[in-house]
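A.B. asks: The residues making up each chain are set out below.
Protein chains: 2
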Amino acid sequence: MTAQIPDYDLPETNRQVRLVARPVGTPKASDFEIVSTPVSEPGDGQLLVRNLYLSADPVQRGWAANDAVQKIGDPMRSLAVGVAVKSRVEGIADGDLVYGFFGWQDYAIARRADVLTRIGKPRVSVSSYAGALGMPGVTAWLAFNGLAPPTEGQTVLVSTAAGTVGSIVGQIAARAGARPIGLTGSDDKVAMCKKRFGYAEAFNYKTVDLDEALSSAAPDGLDTFYDNTGGAILDTAIRHMKRYGRIIACGTAATPSWSPPPTGLRNEREILLRALTWSGFVIFDHADRFEEAVERLAELSLDGELQFEEDIDEGMPAVLDALPALFSGANRGKKLVFVGKA
Amino acid sequence: MTAQIPDYDLPETNRQVRLVARPVGTPKASDFEIVSTPVSEPGDGQLLVRNLYLSADPVQRGWAANDAVQKIGDPMRSLAVGVAVKSRVEGIADGDLVYGFFGWQDYAIARRADVLTRIGKPRVSVSSYAGALGMPGVTAWLAFNGLAPPTEGQTVLVSTAAGTVGSIVGQIAARAGARPIGLTGSDDKVAMCKKRFGYAEAFNYKTVDLDEALSSAAPDGLDTFYDNTGGAILDTAIRHMKRYGRIIACGTAATPSWSPPPTGLRNEREILLRALTWSGFVIFDHADRFEEAVERLAELSLDGELQFEEDIDEGMPAVLDALPALFSGANRGKKLVFVGKA
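Chains as they are written, first to last, in UniProt numbering: chain C, 1 to 342; chain P, 1 to 342.
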């Protein structure tokens, strides 16, 4: 089975969305500017990628804040799905679809190490390689299965449950016979969690008393907490963990700035007395298992067993608003911007 | 090799140290009273133990605060080493030395499940079965080897490094070729850590700038933090962990009361970005491996490879001051009270 690559053009200049101010907290549109530059030629061991879908991901907030990762004046570091229009990399042919660190721009000059997935001919929709089959999906798959594999009858709490990571965690848990409980920030997302993403229960953390909701939905406690938020949600959830429970630290969406580090309830006694194991997961440490996970997720998708939502804007200027939308929760699925038509 | 059981008498009444007030924070002498009662006869499946060494341990603070564990008016729950003077338990003979949950009293009626170590004839000094070969030593052995086994060249930070748990963690680390760094609360304990317990470096956390001390003593970061304190020491140490480092939560000595839980720096981002694994360890979950660990520690001790300090008072009234001494750091080694001579 092959999916269609959408029509795209090959403009003569490269529009770049450059970071021009170090963001304070969440990046905003005015921290960026769009600049047109010439298209470069790939050198030996490089490929020229025509980006189709630019990705907006929470991790970019941390990158934008970090001078060692993101220089002011450079195109914003990002993931993207694109076509290798001119490849001088072994194993990647002209015309292959690729997913990797290609930046917010029309064209990227990339090395093999920048490519996370050599897709070749797509088997499922091209945009999904940046979402359910991209960093968020692979994060869900490798973190959950690697750190706290769900089993029959377990109760699993997931924060940002309607996001791409959380929605796939819910489905993995449900497939394993576990009972996923989702936390999200609006009533329509609560409905989507239950209807599409396999959640047995879901709550709008903005409107419920979370302590009471967990007491009621998980009276025997939580086996696993897949945590994409930290903050007050974590402080409440950790006190509902069963003994020997596991917490996966996968994101800190609840905290807009870590400089200086904010304060919160002390949690070390919970870890001790409940004999918990709390582990951090950073997907970029697991590049060697990335393509294997993409394959598994593609199979689930082809079998109709992987539900996901995408929120796709069009045109380079839309990129400026992508991160603000993400952090305000305004997006309705994996946030992407199609830039294949200049 | 057999060690001598010290002389003891068999008084006609049983002095009990009963908890008479729910302690606020650290238990103090006036929370207890000493009462004489008749000596009971063991029923079927029970044994009568003549306690010799009563133990004072940090965990008793938590027990004393918890109505489900410790009733007001009951003898204080504690560990002790004693002699089975009358056994109706299979596998335990009259005259066997035993270690277990015998309470702060002259005599205990115990079941098999209350006995952590059936010692029989002691191979090393009787008091050490309550310290280096007792709960603290076995905790150090099973937690460290189980959760983050030290290996050659690793840097391991240990808090309450001069205590019985910490002193043995230091020695296990040093024997494995790791580099243990100890934190303790006085200059003479710093000296003891380095001279006797295998520590490559040790600091008085009350007088150094801990952040600077760790930057200097572990410029490449910490592989493991064996944490007996939590609190501000933890908040500093976690920011010195290497990526993929491990934290063992084994005690929260720095925090006098958890009701309400105090606040501190948020640490979830450190766990995430450093991809740490932070695990809690409660020794009472590991009763099945207790005697095996005691055997290993006894062998080390007989080989002269296990250094430990004991701080032994005499006479039942001394028990009243044992916990205040422990939490003020006034003790100089495993805190025990010999009560074998009424």
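Source of the hints: derived by calculation from the structure; they are not laboratory data. Some hints could be false.
Quick look at which bits of chain P chain C covers, simulated, 3 or more residues with Cβ under 8 Å [unchecked claim]:
| # | segment |
| --- | --- |
| 1 | 218-231 |
| 2 | 247-260 |
| 3 | 281-293 |
Label-pair restraints from in silico Cβ distances [stated by the list, open to error]:
| # | chain 1 | residue 1 | chain 2 | residue 2 | range |
| --- | --- | --- | --- | --- | --- |
| 4 | P | D303 | C | R112 | 24 to 32 Å |
| 5 | P | V24 | C | I312 | 53 to 61 Å |
| 6 | P | D209 | C | R243 | 36 to 44 Å |
What you are looking at is a predicted structure, and each value in this text was computed from that prediction instead of being measured. Idealized CB from N, CA, C, for every residue including glycine.
A.B. asks: Now tell me if each hint is right for this structure.
C.D. replies: We went through each hint and held it up to the structure:
1. 218-231: holds (count 3)
2. 247-260: holds (count 6)
3. 281-293: holds (count 3)
4. P:D303 with C:R112: 24 to 32 Å: 54 Å, violated
5. P:V24 with C:I312: 53 to 61 Å: Holds, at about 59 Å.
6. P:D209 with C:R243: 36 to 44 Å: 37 Å, holds
In this structure, only the earlier hint numbered 4 is contradicted, and the remaining ones agree with it.
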